[in-house]
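Engineer: One letter stands for each residue in the lines below.
There are 4 protein chains.
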Amino acid sequence: MALEGVMRPGHAQVRVLDLDASITFYRDVLGLVETGRDAQGRVYFKCWDERDHSSYILREAESAGIDFLGFKVRDEATLDAFEKKLADAGLDPVSVPAGDLLETGRRVQFTLPSGHLIELFATKTCVGNGIPTLNPGPWNEQSEKGIAPVRFDHALLYGPNIAEVKRIFIEVLGFYLVERVLGEDGSTEVALWLSCGQKVHDIAFVEYPEPGKLHHCSFLMDSWEKVLRAGDIMSQNTVSVDIGPTRHGITRGCTIYAWDPSGNRFETFQGGYYPYPDYEPLTWTWEAFPQGLDYPQRKLHETFLTVVT
Amino acid sequence: MALEGVMRPGHAQVRVLDLDASITFYRDVLGLVETGRDAQGRVYFKCWDERDHSSYILREAESAGIDFLGFKVRDEATLDAFEKKLADAGLDPVSVPAGDLLETGRRVQFTLPSGHLIELFATKTCVGNGIPTLNPGPWNEQSEKGIAPVRFDHALLYGPNIAEVKRIFIEVLGFYLVERVLGEDGSTEVALWLSCGQKVHDIAFVEYPEPGKLHHCSFLMDSWEKVLRAGDIMSQNTVSVDIGPTRHGITRGCTIYAWDPSGNRFETFQGGYYPYPDYEPLTWTWEAFPQGLDYPQRKLHETFLTVVT
Amino acid sequence: MALEGVMRPGHAQVRVLDLDASITFYRDVLGLVETGRDAQGRVYFKCWDERDHSSYILREAESAGIDFLGFKVRDEATLDAFEKKLADAGLDPVSVPAGDLLETGRRVQFTLPSGHLIELFATKTCVGNGIPTLNPGPWNEQSEKGIAPVRFDHALLYGPNIAEVKRIFIEVLGFYLVERVLGEDGSTEVALWLSCGQKVHDIAFVEYPEPGKLHHCSFLMDSWEKVLRAGDIMSQNTVSVDIGPTRHGITRGCTIYAWDPSGNRFETFQGGYYPYPDYEPLTWTWEAFPQGLDYPQRKLHETFLTVVT
Amino acid sequence: MALEGVMRPGHAQVRVLDLDASITFYRDVLGLVETGRDAQGRVYFKCWDERDHSSYILREAESAGIDFLGFKVRDEATLDAFEKKLADAGLDPVSVPAGDLLETGRRVQFTLPSGHLIELFATKTCVGNGIPTLNPGPWNEQSEKGIAPVRFDHALLYGPNIAEVKRIFIEVLGFYLVERVLGEDGSTEVALWLSCGQKVHDIAFVEYPEPGKLHHCSFLMDSWEKVLRAGDIMSQNTVSVDIGPTRHGITRGCTIYAWDPSGNRFETFQGGYYPYPDYEPLTWTWEAFPQGLDYPQRKLHETFLTVVT
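Protein chains in written order, with this note's numbering: chain D, 21 to 329; chain E, 21 to 329; chain P, 21 to 329; chain W, 21 to 329.
To be clear, the hints were calculated from the coordinates, so they are not data collected in a lab.
You may find that some hints are simply not true.
The list treats identical chains as interchangeable, and a pair is accepted whether it falls inside one copy or across any two copies.
To be verified - Result set (SDA-like, lysine to any residue): computed pairs, CA atoms no more than 25 Å apart in a straight line:
{"id": "1", "residue 1": "Lys319", "residue 2": "Thr329"}
{"id": "2", "residue 1": "Lys105", "residue 2": "Phe88"}
{"id": "3", "residue 1": "Lys165", "residue 2": "Arg318"}
{"id": "4", "residue 1": "Lys104", "residue 2": "Glu24"}
{"id": "5", "residue 1": "Lys105", "residue 2": "Gly56"}
{"id": "6", "residue 1": "Lys165", "residue 2": "Phe88"}
{"id": "7", "residue 1": "Lys319", "residue 2": "Thr153"}
{"id": "8", "residue 1": "Lys319", "residue 2": "Ala118"}
{"id": "9", "residue 1": "Lys186", "residue 2": "Ser260"}
{"id": "10", "residue 1": "Lys105", "residue 2": "Gln129"}
{"id": "11", "residue 1": "Lys105", "residue 2": "Gly119"}
{"id": "12", "residue 1": "Lys165", "residue 2": "Thr143"}
{"id": "13", "residue 1": "Lys105", "residue 2": "Asp87"}
{"id": "14", "residue 1": "Lys319", "residue 2": "Asp262"}
{"id": "15", "residue 1": "Lys165", "residue 2": "Arg47"}
{"id": "16", "residue 1": "Lys186", "residue 2": "Leu137"}
{"id": "17", "residue 1": "Lys186", "residue 2": "Gly110"}
{"id": "18", "residue 1": "Lys186", "residue 2": "Gly61"}
{"id": "19", "residue 1": "Lys186", "residue 2": "Ala41"}
{"id": "20", "residue 1": "Lys186", "residue 2": "Asp48"}
{"id": "21", "residue 1": "Lys165", "residue 2": "Ala59"}
{"id": "22", "residue 1": "Lys186", "residue 2": "Thr153"}
{"id": "23", "residue 1": "Lys319", "residue 2": "Trp279"}
{"id": "24", "residue 1": "Lys319", "residue 2": "Ile151"}
{"id": "25", "residue 1": "Lys105", "residue 2": "Ala59"}
Could you build all of it, start to finish, from the sequences and the hints given here?
Structural biologist: Dropping the structure here:
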């Protein structure tokens with residue numbers, strides 16, 4: 021009852037070109053907390069206020085992009101049930117044994133028609149947020165080291181067949197549609213924001229010819245003032261900024277898009293509203309999409325539609 | 021899957037002594053939107069960003085307090101299922117036919133061991149938030165009329181037997197415990213914050229000898245700056261303020277407590293964090309409760325423990 | 021002693037193409053308070069928290085731009101003294117009799133080597149900010165009508181000979197240099213921010229071949245959150261936005277640049293620091309100017325250097 | 021011209037009971053920057069964004085309180101002129117040679133009829149704010165160490181004869197009255213806020229029978245969010261909080277009052293408005309003083325009137 025099934029995006033594994041430079045960036049500039057390195061050389065991070073062992077994993081590779089996005093489900097029984105549902109839906113789930121990712125249980129992977137590898141898991145070691153669970157304060161020193169987002173929030177993925185992707189997320193995984201953009205034809209959905217809880221997006225998709233592309237991973241900030249501070253830190257560290265600070269019309273969120281040293285876009289954002297599954301999805305026309313992207317400027321930044329990894 | 025069962029506190033019916041004065045207060049000072057009046061003389065309000073017909077209902081009476089708190093569930097089938105679960109749990113649910121509350125479907129009521137009347141419902145007319153669902157802006161004029169909270173957020177209720185109340189909310193209604201305060205004995209739970217989604221509280225209880233008491237109904241603000249503005253408006257309208265502006269240690273929320281013209285306490289609050297059901301509940305000792313209540317001052321305001329309606 | 025001589029930018033007279041459209045814009049969108057119209061057809065505005073009769077005056081004309089910028093000095097004796105100083109400095113001051121501008125005393129005008137008409141005045145009727153001077157609240161309803169800046173803050177003017185302009189403002193008018201940008205040669209000052217009090221700028225200049233040009237008039241907001249709200253209102257009213265929301269490196273101020281219906285740029289900004297005349301001016305190199313303009317993005321928006329009225 | 025004469029409160033020397041505990045408090049909790057210790061054992065601090073060597077000086081003593089408050093004037097010639105004016109006004113100025121305070125020039129001291137020792141000085145070594153003057157960023161790491169106020173802002177002093185004190189500050193030192201509170205008789209000024217620039221207060225006085233008392237030294241924060249953060253840090257360090265967070269009606273400033281380990285009250289505040297000497301002072305009646313002190317709560321906190329050092 022209440023919050024069941026898929027709870028949240030639990031982790032993303034992202035490819036970087038230069039691991040050392042990336043570790044420095046994600047630890048010192050974005051301000052994630054490093055929590056481990058595995059035998060494959062992958063480096064694990066979490067945001068300061070997250071309690072699970074890791075939410076953002078770096079793998080050194082020849083090209084940037086996302087390896088997979090993993091959602092944490094309520095428990096192992098739920099994972100088993102989803103494995104069956106995925107199989108019934110013809111999505112050919114593959115089981116990855118516990119321990120392949122550090123401090124993480126069994127994972128069930130499948131590939132979306134958009135070309136993205138998605139996985140579900142139920143178990144990840146709770147390492148806490150560095151604040152005692154007895155008489156906890158509201159924040160700690162890690163919340164001010166670097167940009168220091170609160171949590172890994174969501175990802176926006178680019179690929180083909182998002183109508184089918186939407187069906188899978190809604191019918192198989194229990195998500196609901198929060199907002200959408202219609203294409204120039206006035207009817208095709210070309211962008212989708214989907215939630216599995218009360219966030220305005222746990223995952224989002226844009227229709228795009230090339231499969232498996234990452235537009236951005238997004239990290240939550242606590243306030244608009246913290247978004248400004250994020251921009252200051254980006255400038256102080258010569259981070260390449262794409263868009264913002266600004267407000268999205270879509271989701272109402274306030275945002276900066278920037279790129280990590282490998283060219284993976286990331287977002288530091290704040291705000292939005294709290295949707296529920298009984299809400300009618302909000303719709304943006306193609307003509308209004310510039311306003312949906314950059315509300316004050318109503319500008320369709322070309323990079324938004326064309327630069328992905 | 022995902023957000024199922026109970027979704028949110030959908031409405032509270034609150035007793036006021038002077039209906040006209042209360043309407044003026046809730047409309048012009050708190051800035052709720054009036055949406056209807058019924059044959060019994062009840063007056064219906066919603067917060068500007070809520071989409072359902074009503075979330076706060078006034079009934080004129082000899083004494084202040086809360087008549088009932090209603091939770092909206094996912095759909096009518098869910099309501100039927102809960103009715104059976106409540107009956108199985110010996111809670112003697114009573115069905116109130118659709119239409120008794122304006123624009124609201126069938127409700128299933130039951131009484132908690134704390135003496136509070138709780139109800140579930142699945143259907144309420146969507147009247148929208150005054151912003152089109154096509155190319156919606158982030159806010160509208162109503163968001164600046166009076167204090168103008170975003171939504172009715174939760175209630176804190178005082179009464180006996182909250183251990184049993186907790187069991188019902190968790191086992192029957194699918195809530196989970198987010199935070200709690202232990203009594204002077206170091207083990208008894210004397211205060212509980214419970215969630216059915218990702219809010220730090222959808223309902224809260226404090227152990228109290230008298231049954232059925234209301235501590236406060238709470239309304240969400242968008243930012244700490246809006247909490248300050250709420251305090252300014254309270255001053256401009258000679259509203260009696262109890263505590264704040266300040267931050268709670270418990271839930272991290274930033275708050276002002278004040279009283280409506282009938283003596284019903286209400287809260288305008290902001291912030292907190294986003295819990296999940298797999299999070300270990302946070303615990304406050306009795307000694308730390310003053311810090312949990314008023315984080316900067318660490319002061320156990322006497323009114324918090326003694327003044328209820 | 022203390023704050024003497026020139027106190028502040030008191031008013032700007034700006035040319036607009038369509039007076040009615042401009043009145044609607046400045047009153048309903050920017051949220052200025054209209055305070056009068058004169059026999060010449062000029063329309064007078066003030067910001068809600070200003071106490072003098074007017075700070076922004078519209079005149080209908082064939083081309084957009086600024087007619088003059090007026091500074092309020094401490095009193096009439098100070099005005100007389102400045103008139104003499106200006107004459108001694110060879111600036112040929114011209115006296116405009118009291119009453120030429122509504123509710124405004126005698127003005128002393130002179131032309132800068134940059135081609136701008138500047139004037140000094142000592143007397144303007146105090147109309148108050150709409151809040152009583154006895155037991156005043158912190159704000160009133162006018163502070164939320166439209167963008168509703170707190171005050172007319174400064175202007176940035178483009179023209180030739182700014183080295184000489186700087187000398188006049190410092191030696192004759194008692195201003196001091198707060199920040200400056202050096203040109204590509206590493207030594208010529210190409211942009212200057214000057215203060216006569218504790219504001220980071222009461223007036224600013226950029227070296228530019230054409231004389232008498234207006235880059236923008238600037239209006240102060242109370243917080244970064246109010247700058248966001250300004251951007252939202254611009255979007256809701258289809259105002260053409262140039263840059264922002266963002267932070268300037270120069271002055272630290274947080275800003276949005278946009279255009280009025282006639283193409284006059286205006287700024288809604290917030291923040292910065294409080295300089296004093298004993299502070300060493302801050303210097304920006306040409307290479308760092310993009311960071312000085314748009315701190316997060318470090319982008320030299322072309323419009324900033326080329327679009328003026 | 022412009023900002024002449026007295027520029028600002030330049031430093032306060034405050035007595036503390038336990039020097040080591042006080043150093044720890046002011047450095048690690050309030051987050052001031054230690055800049056030196058002298059042969060007498062005094063310890064010098066500045067706020068992170070101040071450029072002069074020191075603004076807050078601790079002296080170990082048997083009792084808490086303030087030794088003197090020093091104002092920085094425009095230059096040595098101004099200091100000489102003030103020395104003569106003070107002598108002419110019968111205030112018997114005494115010259116303290118340069119070097120008595122570290123990195124500080126000659127000081128001219130005199131005693132107010134309220135029993136407070138005030139001094140003027142023109143010279144103090146500029147040590148900078150830790151940010152280069154070439155291509156400066158908006159803040160640095162020191163701005164996040166502890167509460168980290170921007171500047172020492174003002175002091176509120178309690179003592180007798182404030183009518184005479186007011187006359188001296190206005191007629192001799194060139195300040196102007198910004199706000200005032202009238203006593204129960206409706207005519208006597210019992211509290212005064214005075215400015216020498218554009219701050220809502222550079223110094224303030226409350227009529228009080230005991231001479232030479234300190235109510236609080238005040239430190240400026242950048243935003244209401246930073247005031248909240250200050251309160252969090254107070255709680256984390258068990259600092260004794262007096263009032264707040266709240267908004268003053270008087271000056272509109274947002275504030276927390278707390279006590280240092282010796283019982284000296286200090287304020288972390290933000291906001292207010294920018295007055296000018298041509299503004300009519302704002303007046304608060306005795307009946308409205310609770311609203312002037314604590315705008316949301318309209319509560320006359322007893323400690324405000326009775327606890328001083």
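Engineer: All hints, please: hold or fail.
Structural biologist: Going through the hints against the structure:
| no. | hint | result |
| --- | --- | --- |
| 1 | Lys319 <-> Thr329 | both (22 Å within a copy, 23 Å between copies) |
| 2 | Lys105 <-> Phe88 | within (20 Å within a copy, 40 Å between copies) |
| 3 | Lys165 <-> Arg318 | between (33 Å within a copy, 22 Å between copies) |
| 4 | Lys104 <-> Glu24 | both (17 Å within a copy, 20 Å between copies) |
| 5 | Lys105 <-> Gly56 | neither (33 Å within a copy, 45 Å between copies) |
| 6 | Lys165 <-> Phe88 | neither (27 Å within a copy, 38 Å between copies) |
| 7 | Lys319 <-> Thr153 | between (45 Å within a copy, 21 Å between copies) |
| 8 | Lys319 <-> Ala118 | neither (46 Å within a copy, 47 Å between copies) |
| 9 | Lys186 <-> Ser260 | neither (32 Å within a copy, 36 Å between copies) |
| 10 | Lys105 <-> Gln129 | within (12 Å within a copy, 35 Å between copies) |
| 11 | Lys105 <-> Gly119 | within (24 Å within a copy, 39 Å between copies) |
| 12 | Lys165 <-> Thr143 | neither (28 Å within a copy, 37 Å between copies) |
| 13 | Lys105 <-> Asp87 | within (23 Å within a copy, 43 Å between copies) |
| 14 | Lys319 <-> Asp262 | both (13 Å within a copy, 11 Å between copies) |
| 15 | Lys165 <-> Arg47 | both (9 Å within a copy, 19 Å between copies) |
| 16 | Lys186 <-> Leu137 | within (15 Å within a copy, 40 Å between copies) |
| 17 | Lys186 <-> Gly110 | within (15 Å within a copy, 41 Å between copies) |
| 18 | Lys186 <-> Gly61 | neither (34 Å within a copy, 46 Å between copies) |
| 19 | Lys186 <-> Ala41 | neither (36 Å within a copy, 46 Å between copies) |
| 20 | Lys186 <-> Asp48 | neither (36 Å within a copy, 42 Å between copies) |
| 21 | Lys165 <-> Ala59 | neither (28 Å within a copy, 37 Å between copies) |
| 22 | Lys186 <-> Thr153 | between (38 Å within a copy, 20 Å between copies) |
| 23 | Lys319 <-> Trp279 | both (20 Å within a copy, 15 Å between copies) |
| 24 | Lys319 <-> Ile151 | between (42 Å within a copy, 22 Å between copies) |
| 25 | Lys105 <-> Ala59 | neither (33 Å within a copy, 49 Å between copies) |
Hint compliance for this structure: hints 5, 6, 8, 9, 12, 18, 19, 20, 21, 25 are broken, all remaining hints hold.
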